[in-house]
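Numbering (the working numbering), first residue to last: 2 to 271.
Since the hints were made in silico from the structure, they are not lab data.
Computed list of lysine-lysine pairs in DSSO-like fashion (alpha-carbon distance at most 30 Å, straight line):
(1) 99 <-> 17
(2) 99 <-> 184
(3) 202 <-> 184
(4) 189 <-> 99
(5) 99 <-> 202
(6) 99 <-> 16
(7) 202 <-> 189
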Amino acid sequence: MGRNKNKEISAALIKKIAPLLPVVVASAKGGRPRVSDEMALNGILFVLRTGIPWEELPQELGFGSGMTCWRRLRDWQAAGVWHRLHLLLLDQLRGAGKLDFSRASMDAASVASPRGADTPAPNPTDRGKLGSKRHIITDRQGIPLIFCVTGANRHDSVVFEQLVDALPTVRDCRGRPRRWPHKLHTDKGYDFARCRAHLRKLGITACIARRGIERNDRLGRHRWVVERTHAWLAAFGKLRTRFERRIDVHVALLSLECCVICVRHLTPFC
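Build out the structure end to end from the sequences listed, making use of the hints.
In structure tokens:
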């Protein structure tokens, strides 16, 4: 997204987000002027991009205090703003012919946390593993379609069925809504009969590397896009290491970054 010296977000994207934000009525008692939603969103994106602690957000940028931005991020997550924005952008991408459902890819990546994560407790075989793990499904180009977060100690396949079932229905004014990809590519971590059976039930062709039979790089020519998407997410300082204790705030940052990736593929908003 283009930005000037004191701006992290384009005016075009602000117009997309504004109708999704909750309406706040000013207090009749007066008080300190409320930081505008646009400036607060700029502050959130600045922290997301740089990875600085919220309390160190530079005041000279005019984005308000770090805690103001953190509260706005938390409240908008509770109101479902980021999820609705992601769905809106996916619809826009499909309308522009920029979503490719011919192949999808799924993978998980662990995110370290110096303080641990607000996620399920360690299992007996990996008691010392801190942090969380993000699971993501992308289209053929690496555009994120859906994601979820678990504890870093959880196996990649534990949320396979739930994540596939959570794939959103993407609408297009020129055709029928689309939900399922033709094929789904995954690595050997998903080589289980139940995973293949679930895809078969939905009419999705399973392209899952088989343990002890196929080399890891056999499907790499199609699956690398999801690994690149994980790299895009990790490029943002606030997602490289999980410093947020609250899972809802961490998920909010992930949702916002997925929206940023979608925006980058929409030429009019770049």
